[in-house]
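Engineer: Letter by letter, the chains look like this.
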Amino acid sequence: MIRVATYLPLAVAAILAVVFFWALSGDRDPSRVPSPFIDKPAPALDLAALDGGPRLTKAAFAGRVSILNVFASWCLPCLAEHPFLMALAKDGKAQVFGLNYKDKPEDAKAWLAEHGNPFTRIGTDRNGRAGIEWGVYGVPETFLIGPDGRIRHKVVGPITNDQLKQLRRMIGDLGK
Amino acid sequence: MRNASLVLGLVLATALTLGAFIAPPPAALAVQPDEVLADPMLESRARALSKHLRCLVCQNQSIDDSDAGLARDLRVLVRERLKAGDSDEEVLAFLVARYGDFVLLKPPVKPTTWLLWFGPFAIFAVAGLGIWAASRRKRPATAPAAPLSAAEQEKLDALLAQDEHPPSRPPSDPPQRPAS
Amino acid sequence: MIVEAGHFALILAFVFACIQIVVPLIGARRGDDALMDAGRMAALGQFAFILAAFLSLTHAFIVSDFSVAAVAANSHSAKPLLYKISGVWGNHEGSMVLWVLILALFGGAVAGLGNNLPPSLRARVLSVQGMIGAGFLAFILLTSNPFFRVNPAPVDGSGLNPILQDPGLAFHPPFLYLGYVGFSIAFSFAIAALIEGRVDAAWARWVRPWTLAAWCALTLGIALGSWWAYYELGWGGFWFWDPVENASFMPWLAGTALLHSAIVVEKRGALKSWTILLAILTFLLSLMGTFLVRSGVLTSVHAFANDPERGLFILGLLLVATVGGLGLYAMRAPTLKTGGLFAPISREGGLVLNNLLLGTGCATVLIGTLYPLVLDAFGGGKVSVGVPYFTLTFVPLMVPLLVVMGIGPLLAWKRGDLPGVLMRLRAAAMVTGIACLATILLNDGPAFAILGVTLAVWLIMGALTELADRIRLFRGPLSASLSRLIHLPRSAIAMTTAHAAMGITVLGITGSTAWQTERILIMSQGDTTEVAGYALTLEKVAQVPGPNYTAERATLQVAAGGRTITTLYPEKRRFTNPPQITTEAAIRTTLMADLYAVLGDRQEPGAGGQGKAGWTVRIYHNPLVPWIWIGTVIMVLGGLVSLTDRRHRVGAPARAQAPGRPRTA
Chain R
87 MIRVATYLPL AVAAILAVVF FWALSGDRDP SRVPSPFIDK PAPALDLAAL DGGPRLTKAA
147 FAGRVSILNV FASWCLPCLA EHPFLMALAK DGKAQVFGLN YKDKPEDAKA WLAEHGNPFT
207 RIGTDRNGRA GIEWGVYGVP ETFLIGPDGR IRHKVVGPIT NDQLKQLRRM IGDLGK
Chain V
25 MRNASLVLGL VLATALTLGA FIAPPPAALA VQPDEVLADP MLESRARALS KHLRCLVCQN
85 QSIDDSDAGL ARDLRVLVRE RLKAGDSDEE VLAFLVARYG DFVLLKPPVK PTTWLLWFGP
145 FAIFAVAGLG IWAASRRKRP ATAPAAPLSA AEQEKLDALL AQDEHPPSRP PSDPPQRPAS
Chain C
79 MIVEAGHFAL ILAFVFACIQ IVVPLIGARR GDDALMDAGR MAALGQFAFI LAAFLSLTHA
139 FIVSDFSVAA VAANSHSAKP LLYKISGVWG NHEGSMVLWV LILALFGGAV AGLGNNLPPS
199 LRARVLSVQG MIGAGFLAFI LLTSNPFFRV NPAPVDGSGL NPILQDPGLA FHPPFLYLGY
259 VGFSIAFSFA IAALIEGRVD AAWARWVRPW TLAAWCALTL GIALGSWWAY YELGWGGFWF
319 WDPVENASFM PWLAGTALLH SAIVVEKRGA LKSWTILLAI LTFLLSLMGT FLVRSGVLTS
379 VHAFANDPER GLFILGLLLV ATVGGLGLYA MRAPTLKTGG LFAPISREGG LVLNNLLLGT
439 GCATVLIGTL YPLVLDAFGG GKVSVGVPYF TLTFVPLMVP LLVVMGIGPL LAWKRGDLPG
499 VLMRLRAAAM VTGIACLATI LLNDGPAFAI LGVTLAVWLI MGALTELADR IRLFRGPLSA
559 SLSRLIHLPR SAIAMTTAHA AMGITVLGIT GSTAWQTERI LIMSQGDTTE VAGYALTLEK
619 VAQVPGPNYT AERATLQVAA GGRTITTLYP EKRRFTNPPQ ITTEAAIRTT LMADLYAVLG
679 DRQEPGAGGQ GKAGWTVRIY HNPLVPWIWI GTVIMVLGGL VSLTDRRHRV GAPARAQAPG
739 RPRTA
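Protein chains in written order, with this note's numbering: chain R, 87 to 262; chain V, 25 to 204; chain C, 79 to 743.
Chain R with its partners taken away, still in its complex shape (with noise of 0.2 Å):
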């Protein structure tokens, strides 16, 4: 019994250190924050439009696969996803809608004419309180969601070379 209990110390430690280990190896970001939003119902949104036409609703996304992206002109990041945002609407494939995170309309308008414009709409969030009610804690951010409405997936950060694949693949098969 004593015998057993003297590698007590032994057996926590190994598994801290399989946890120290996993830890530190692969590409763990330990700020991620999972969003609660995956396969439920999109959240509330109603939002001005950027450039005074319909308003920005969930509406919008009824029906076929849509994309909604958190942008900001003043966020470095985003101007290194913009060539991905362009390519999936070239693809036509899903609607692309921006969120413009606490930005000013002039700005944003500016910095899209420079880089153009993925976008089909694009609603204003000015103080943020839609970004909170999606629970965006940072910009860029980018989710995906279903013909039926339903959150499916979401990029925090800007989106990469895979991610831009898996977005590819994932559209894919909820168009079908």
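Simulated from the structure, these hints should not be mistaken for lab results.
Do not rely on the hints blindly, as some may be mistaken.
[To be verified] Listed below are the simulated PhoX-like cross-link pairs for lysine-lysine, each with C-alpha atoms no more than 25 Å apart in a straight line:
(1) 144(R) - 190(R)
(2) 262(R) - 176(R)
(3) 75(V) - 460(C)
(4) 690(C) - 618(C)
(5) 460(C) - 126(R)
(6) 195(R) - 251(R)
(7) 144(R) - 240(R)
(8) 126(R) - 134(V)
(9) 460(C) - 240(R)
(10) 134(V) - 460(C)
(11) 195(R) - 176(R)
(12) 262(R) - 195(R)
(13) 179(R) - 240(R)
(14) 195(R) - 144(R)
(15) 251(R) - 262(R)
The structure presented is a predicted model; accordingly, all values stated were derived computationally and were not measured.
On the provided structure of chain R, position chains V and C as indicated by the hints.
Structural biologist: Quick look at chains V and C alone, frame taken from chain R:
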């Protein structure tokens, strides 16, 4: 570029290494005067709630301690909901629905956190029982020795206080040999 | 040139460390005095060369040699001299050199001062120290070379994080490391004892002063860090349960338990196996702290700043030390013969309870700190564990500890008389009761204040009762009592001091958390506000140049009872290298409370929501907060007094007879 990131890395590494206590950045700008509610009861509830909510973009701070923009938004939101008549639980539930359990600095009790919440007390109980069992097993079979008389106690105290003598060794203790 | 010499010295130190591992171990096995002595020389040599390396690095920082990468990345020519020097350990590479320097200092101290130790034990201790030293020197040389040159050298350095440009940085890390690393001696003694298969009272006496010295340093290091955070971070908090703080608190809890369990080994020959385990765990927790802080696995947002290679290397070292230490323990511990029977109600029983509570407390901090990581690793999702968790788990565990601390020291060894002890604590209980009632009547804060005050007063009174009992105060002529006091063993005085000091710290923590007042407001020139009976008037806010920053400095007149008593000058400093803004709180302390003022942003009219121009000002009144640090400093003084006790002096008693024979009493 590489150099720049190296330098940045080093600065941050410094902050981390040294920073036994500097991990949180200066937080003097956290709660702003214009956020404070007029009703002191509501305000104190808001402060208490803020201390239980994690600032998602920060290192390891509550929204009460952080000067990040999102933390401020959340502080204002908490106050708005309280003013609208939400209970503390409703405010927390509102944020958990959007950000998940991660936003709570006090994790909810559920199967995945049982070990966290009950672990310390389980360790205390198991170790305590183990010590109790061991002390019973070790207790000599014969009746315990009669307590020392007052004179004996005084003598012993004097000896212990003086402490020139090494402690006595129970006679049963056998000679020990070095392993080598 | 000096830089290259420093690098070379570090390599030589590594060679000496390797010699220190092998030679004394062979010597101890063969009983060869010459080989064992060579180990001492190697330890002294290792220390000398690391010192040389450290001095050469310090030189590079002082003369701002920006061809050295570590200097370029962390220093700046315009930095004040003090911060150029403290900047040596203000970065990863330099702080590791300080780490091994302190390790070698302890090893050298064992080699130089441990004349009373049996040669074989000393040789084995030095060998284990050599292993730790070699591991970390290899880590520095292979992954974190502080002498790495950059070519071409930059014109100027990037500067040191302004938060670190503070006297706090000069003193907090060295003391913290003295503590962390000092526990390596306890570890080495434990390993050496396991190799020898012999743990006795003499062993406990030898290990205790080293543990005590490390404990004093760690206590001071943690206190300095918390004080630094208190005045630098600008909102009056002193402990945040941040993973990095917890990393230093866990070895403290384990080390405190070790100090107490070693007493039982020394006096009664019991708890041997447990004490060995604690000695091993205390240092392993220190190593784990080093790993957690430097690998970035917990402080995650900055993960990119941490080299995974470095993390892996430290993890490897931690693994070797763990497998070696705990493995040897698992194999050898069952062979340790334990003596010293005792009844549950006895001094030993009290110390066992102390260990149970401190051990559980340490495990709680460990669980709380690592749980998010472990849960994530096993796919259980993401959680945050923050202040509320520790308040609900750790604090309740400390309540019984404080209660027992008041009683335990009065219990007799072997078999205590609890009713008798409680009778002797009558007066203490009465005073505590009065304090409790007074707090209930006067308390305008949360209810835990009542518990905190009661426990603290109980603890202080219990400690004083024990001392009064020992010197038979009021039970004979006062002169007799005084003479007893003078002749008391220093360790007894030390215990009373340290326990009472803990009570003072508890009062400080209670007062500052329960009764803090806070005012956050926008003040224009000439505005007056009142906080806790003080009237504060903002006279002006002016631009003030500093050595390497410019500051906005507010002048706040503080009046009480219509009379101006002081002026506070809180500042907001704008550094350019690197660009960063820090706040400098202004603090006025009457040892009973702190008045604490912080200057925030300038508010334009209309922008502040109240349509008022001015500056955001925060004022705190923190009652009893200085007692937290006064208490810890007294606690450390208690530890130092104990170190001067005859029995604990490093040169104290040798094992009476040759190893292999029992000592006779």
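Engineer: None of the hints should be skipped; say for each whether it holds.
Structural biologist: Status of each hint after checking the structure:
no.: 1; hint: 144(R) - 190(R); result: holds (23 Å)
no.: 2; hint: 262(R) - 176(R); result: holds (19 Å)
no.: 3; hint: 75(V) - 460(C); result: holds (19 Å)
no.: 4; hint: 690(C) - 618(C); result: holds (16 Å)
no.: 5; hint: 460(C) - 126(R); result: holds (18 Å)
no.: 6; hint: 195(R) - 251(R); result: violated (28 Å)
no.: 7; hint: 144(R) - 240(R); result: holds (17 Å)
no.: 8; hint: 126(R) - 134(V); result: holds (21 Å)
no.: 9; hint: 460(C) - 240(R); result: holds (16 Å)
no.: 10; hint: 134(V) - 460(C); result: holds (13 Å)
no.: 11; hint: 195(R) - 176(R); result: holds (20 Å)
no.: 12; hint: 262(R) - 195(R); result: violated (34 Å)
no.: 13; hint: 179(R) - 240(R); result: holds (18 Å)
no.: 14; hint: 195(R) - 144(R); result: holds (23 Å)
no.: 15; hint: 251(R) - 262(R); result: holds (17 Å)
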